[in-house]
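Protein sequences appear in the order of chains A and B.
Using my numbering, the final residue of the first sequence is 119, and nothing's skipped along the way.
Using my numbering, the final residue of the second sequence is 166, and nothing's skipped along the way.
Don't read these hints as lab results, they were simulated from the structure.
Backbone N, C-alpha and C fix where the C-beta goes; we use that ideal spot for every residue, glycine too.
Mixed in with the good hints, there may be bad ones.
Unchecked claim - Partner residues are not named here, just some residues of chain A that face chain B (Cβ under 10 Å, in silico): (1) S29; (2) R43; (3) L110.
To be verified - Sample of chain B residues lacking proximity to chain A, with all beta carbon distances greater than 10 Å (derived): (4) L131; (5) T133; (6) P136; (7) A139; (8) V150; (9) L152; (10) L155; (11) A161.
Claimed, not checked - Pairwise CB distance ranges (calculated): (12) B/G134 to A/L94: 23 to 33 Å; (13) A/L39 to B/P136: 40 to 50 Å; (14) B/V163 to A/L21: 39 to 49 Å; (15) B/F64 to A/F116: 17 to 27 Å; (16) A/V42 to B/P50: 31 to 41 Å.
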Amino acid sequence: MPAPHSARPDLYGAQPERTALAWQRSLLSVQLGSVLLTLTAVREQAWVLVILGAALTTAVGWWLLVRGPARQSVTRPRPEGDASARPGPAGGLLRLVVAVSLLGTLGVTLALSRAFGAL
Amino acid sequence: MPQRPDEPEQPRPPARSGAPGEPVSAGEPVAADEPVPATEPVPVEDQRRPRAVYGVGDEPDARFSLANERTALAWVRTGLGLVAGGVALTSLATFAELTVLLDVIAAVACLAGAAVAGYGWRTWRRNEIALRTGAPLPAPTALPVLAGGVVLMALVLAGYAVVSVV
Numbered sequence: 001m002p003a004p005h006s007a008r009p010d011l012y013g014a015q016p017e018r019t020a021l022a023w024q025r026s027l028l029s030v031q032l033g034s035v036l037l038t039l040t041a042v043r044e045q046a047w048v049l050v051i052l053g054a055a056l057t058t059a060v061g062w063w064l065l066v067r068g069p070a071r072q073s074v075t076r077p078r079p080e081g082d083a084s085a086r087p088g089p090a091g092g093l094l095r096l097v098v099a100v101s102l103l104g105t106l107g108v109t110l111a112l113s114r115a116f117g118a119l
Numbered sequence: 001m002p003q004r005p006d007e008p009e010q011p012r013p014p015a016r017s018g019a020p021g022e023p024v025s026a027g028e029p030v031a032a033d034e035p036v037p038a039t040e041p042v043p044v045e046d047q048r049r050p051r052a053v054y055g056v057g058d059e060p061d062a063r064f065s066l067a068n069e070r071t072a073l074a075w076v077r078t079g080l081g082l083v084a085g086g087v088a089l090t091s092l093a094t095f096a097e098l099t100v101l102l103d104v105i106a107a108v109a110c111l112a113g114a115a116v117a118g119y120g121w122r123t124w125r126r127n128e129i130a131l132r133t134g135a136p137l138p139a140p141t142a143l144p145v146l147a148g149g150v151v152l153m154a155l156v157l158a159g160y161a162v163v164s165v166v
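Just chain A, with the same shape it has in the complex (with noise of 0.2 Å):
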């Protein structure tokens, strides 16, 4: 099985496997941060913050499962006379930048709330 970095002849130096592993890296800190946050919201028992942090643990893990090795297909041969551009990775950039914000407001609403005794 040809690796996937001369998996196309024209693409040579583009380290795909580089940048799914990069994606795979990102994913698994988000998904680690909500878990650590979801634990901290139930030693608190913010219940809310608990819910959240688990629908983000749970979203980041099946993006991580099932999405993750679609980034492989960058430089998958391609049949002849297929001249589609390759997929971009605006969506994928931007599903991760609102979640690492969603956890940074969440991860502000725990310390802010225990600091003023809200909880």
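Given the coordinates of chain A, assemble chain B onto it according to the supplied hints.
Positioned in the frame of chain A, the structure of chain B alone reads:
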């Protein structure tokens, strides 16, 4: 294409846009004397979003696009590190019943992390547009701010640790 001198004279297949060596499909009526116009490749409409990025310039080398993608992911992970640090600080403050100051620092770290992730998205857009248009790559303006912020946060936490011990 000029015929090589060592090749025997043969009737030429019609000009087409397919790959060389691909068999010509049967059923295409070609008159022997009639010149066949060369078919141009049909341009495929680019469906990718955002149009502000993919609607300008030309398709760059895939290696540069993938490198830009990885750089944006590195920015997002940096932001995520700040958010995770903030959440961890809150967790620590929760379990060890530490002061409110740590919660405030945690909140600032989480906000900064979200901002850095947003910057990652912005820098990906700007770099991709620059790659497509051949313009110089924009400078990473947030890098000194990020470095200064991390150093400041480290100093505040170190000061807190020193004061707590003494």
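Now for the hints, and whether the structure bears them out:
{"no.": "1", "hint": "S29", "result": "holds, 5 Å"}
{"no.": "2", "hint": "R43", "result": "holds, 6 Å"}
{"no.": "3", "hint": "L110", "result": "holds, 5 Å"}
{"no.": "4", "hint": "L131", "result": "holds, 12 Å"}
{"no.": "5", "hint": "T133", "result": "holds, 16 Å"}
{"no.": "6", "hint": "P136", "result": "holds, 22 Å"}
{"no.": "7", "hint": "A139", "result": "holds, 20 Å"}
{"no.": "8", "hint": "V150", "result": "holds, 16 Å"}
{"no.": "9", "hint": "L152", "result": "holds, 18 Å"}
{"no.": "10", "hint": "L155", "result": "holds, 20 Å"}
{"no.": "11", "hint": "A161", "result": "holds, 18 Å"}
{"no.": "12", "hint": "B/G134 to A/L94: 23 to 33 Å", "result": "holds, 25 Å"}
{"no.": "13", "hint": "A/L39 to B/P136: 40 to 50 Å", "result": "holds, 46 Å"}
{"no.": "14", "hint": "B/V163 to A/L21: 39 to 49 Å", "result": "holds, 42 Å"}
{"no.": "15", "hint": "B/F64 to A/F116: 17 to 27 Å", "result": "violated, 48 Å"}
{"no.": "16", "hint": "A/V42 to B/P50: 31 to 41 Å", "result": "holds, 38 Å"}
The structure shown violates just one earlier hint, number 15.
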